[in-house]
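**Student:** Below, each chain spelled out in residue letters.
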Amino acid sequence: MQFGILTVGDVTPDPTTGRTPSERERIKAMVAIAEKAEEVGLDVFATGEHHNPPFVPSSPTTMLGWIAARTERIILSTSTTLITTNDPVKIAEDFAMLQHLADGRVDVMLGRGNTGPVYPWFGKDIRDGISLAVENYALLRRLWREDVVDWEGRFRTPLQSFTSTPRPLDGVPPFVWHGSIRSPEIAEQAAYYGDGFFHNNIFWPKDHTERMIDLYRTRYAHYGHGTPEQAIVGLGGQVFMRRNSKDAVREFRPYFDNAPVYGHGPSLEEFTAQTPLTVGTPEQVIEKTLSFRDYAGDYQRQLFLVDHAGLPLKTVLEQIDLLGEEVVPVLRHEFAKNRPADVPDAPTHASLLSAAEVTAQAEPAQS
Amino acid sequence: MEAITLAVVSAGLSQPSSTRLLADRLAEAVADRLTRAGREVRIEHVELRELAHPIADNLVTGFPGEPLPHAIDTVTGADAVIAVSPIFSASYSGLFKSFFDVLEQGALAGKPALLGATGGTARHSLALDHALRPLFAYLRAAVVPSAVFAASEDWASAEQNGLRLHIDRAADELVAVLLQQPARLRRPDAFADVVPFEQQLAALRLP
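The listed protein sequences derive, respectively, from chains P and R. Our numbering numbers the first residue of the first sequence as 1 and each following residue consecutively. Our numbering numbers the first residue of the second sequence as 368 and each following residue consecutively.
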């Protein structure tokens, strides 16, 4: 099982000091978070994509390329890459380029985005959101899998004799996760292709997350990719930890109360009772995270959000230290218990490459 | 035959509230008629005052926290909705609107509905037709032609001024709809009825 960090990339004033980091500071902080994640033994770093203030990560592959040069092992991913408003040709090119630079340590999570005006800013119509995700991804898949593509669709200018360069590393496209909070159509899309499905698991109560994952697993089996239990599931989660539960609550409360997404709404206590947010000791985070398996089944990837709501970098790095030193080792051990042997790990470049080689050997070369 | 369920949404703020009083009168009038027609009736009350915090939280977070999901399921799962709001500043109350704002789009489509409102004087009565009715038209509920307004004075002289008459007429209209209804409207379930992916792809294919 993979564990990692996902970041939204918001520039938010620290409510306890009123200080707002500069964009440069925030961007460098995101890099520091990725480096820390690798240092403490986490497996994945994923950045969001946004095209409006107060968010900085508009160019994820630029940032991930820089991080790739400064790390050795960690998988670089997104949370999410906008399949609706980005040109699928540019996604194909950018991520293939990143694959080569990062020696395959790359996958991508596709999403539709949640900011209405981004659609018109990029010349699209939000009412086409699902259709854009369907058509653009169908094209993206072909660009990565076919050397020469002729293509015509509804949303993009046609292509004749087009080759997306560079070709994917070793001929193996990056593994794709489809992220969606509430659209069954996207769970269906992920299942159809046998891709991964990621639920952010942060802003919805668990029964909703459970329905999305159940649908994805059922349809994954329906399309013949394996059993429902073998489908590739990822979850988000958000945590704030201190050695003492009361200290964690006291320190995090002003950040929670003023958080851009849920601040000034439910109390911290109500929100932690109803959603996966955990504010407490590492032991409490372990307990809550293990409970995700009760409704998601044995899953492949757990990403934590730890750097939002104006938390200072120093605090965020302490959180990642706690994750790496105390939480994740226990989670690895516990999640491995009673995990059926035929539940796969999340695909990586290495695993996809060896699967492709096995397939190539099984099929005799065309004469 | 299955019992007919009536969800009675009341946005009164005081206790006791004349809004709840009107809601009760409407619900009883409808239930009496259905019972006389040989149908079993289940009345489910949704008092919005008790849900004020979760409704506001839902606006902020985008999802319903406890105990709001139960109230939402009650309303969206009922055979008919009786919805009554006090008139504030020429319209339904903000709490009343906020509750309907947090329902999923299409949640009340085709749902038989009876509207009511209360106010200090009869001067506010047109808010029913100028505010509540357009809201429910947007929600695509099947609103019966008569809506009932009760001003403070109506509670003193229901016989003379026709409040009873209005309640009876509105109840007759809703019951007529409910008894004609062959079966409960089944809302499509986005999970159970997921559109197969080939169909999603085919819909985008160029001619």
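These are calculated hints, taken from the structure and not from any lab test. One thing to keep in mind: the hints can contain errors.
To be verified - Think about it this way: if two alpha-carbon atoms lie no more than 20 Å apart in a straight line, the pair counts; the simulated EDC-like pairs of lysine to aspartate or glutamate are:
hint, chain 1, residue 1, chain 2, residue 2
1, P, Lys206, R, Glu471
2, P, Lys288, P, Asp342
3, P, Lys124, R, Glu414
4, P, Lys314, P, Asp14
5, P, Lys246, P, Glu318
6, P, Lys288, P, Glu210
7, P, Lys206, P, Asp170
8, P, Lys206, R, Glu417
9, R, Lys464, R, Asp535
10, R, Lys464, R, Glu417
11, P, Lys246, P, Glu229
12, P, Lys206, R, Glu414
What the hints assert, rightly or not - Coverage of chain P stretches by chain R, computed from C-beta distances (three or more under 8 Å per stretch; other residues unrestricted):
hint, stretch
13, 48 to 56
14, 75 to 81
Beta carbons are placed, not taken as given, at the ideal position from N, Cα and C, and that holds for glycine.
**Student:** Against this structure, judge whether each hint is valid.
**Tutor:** Now the hints, each set against the structure:
{"no.": "1", "hint": "P:Lys206 / R:Glu471", "result": "holds, 18 Å"}
{"no.": "2", "hint": "P:Lys288 / P:Asp342", "result": "violated, 25 Å"}
{"no.": "3", "hint": "P:Lys124 / R:Glu414", "result": "violated, 42 Å"}
{"no.": "4", "hint": "P:Lys314 / P:Asp14", "result": "holds, 12 Å"}
{"no.": "5", "hint": "P:Lys246 / P:Glu318", "result": "holds, 17 Å"}
{"no.": "6", "hint": "P:Lys288 / P:Glu210", "result": "holds, 15 Å"}
{"no.": "7", "hint": "P:Lys206 / P:Asp170", "result": "violated, 39 Å"}
{"no.": "8", "hint": "P:Lys206 / R:Glu417", "result": "violated, 24 Å"}
{"no.": "9", "hint": "R:Lys464 / R:Asp535", "result": "violated, 26 Å"}
{"no.": "10", "hint": "R:Lys464 / R:Glu417", "result": "holds, 15 Å"}
{"no.": "11", "hint": "P:Lys246 / P:Glu229", "result": "violated, 38 Å"}
{"no.": "12", "hint": "P:Lys206 / R:Glu414", "result": "violated, 26 Å"}
{"no.": "13", "hint": "48 to 56", "result": "violated (count 0)"}
{"no.": "14", "hint": "75 to 81", "result": "violated (count 0)"}
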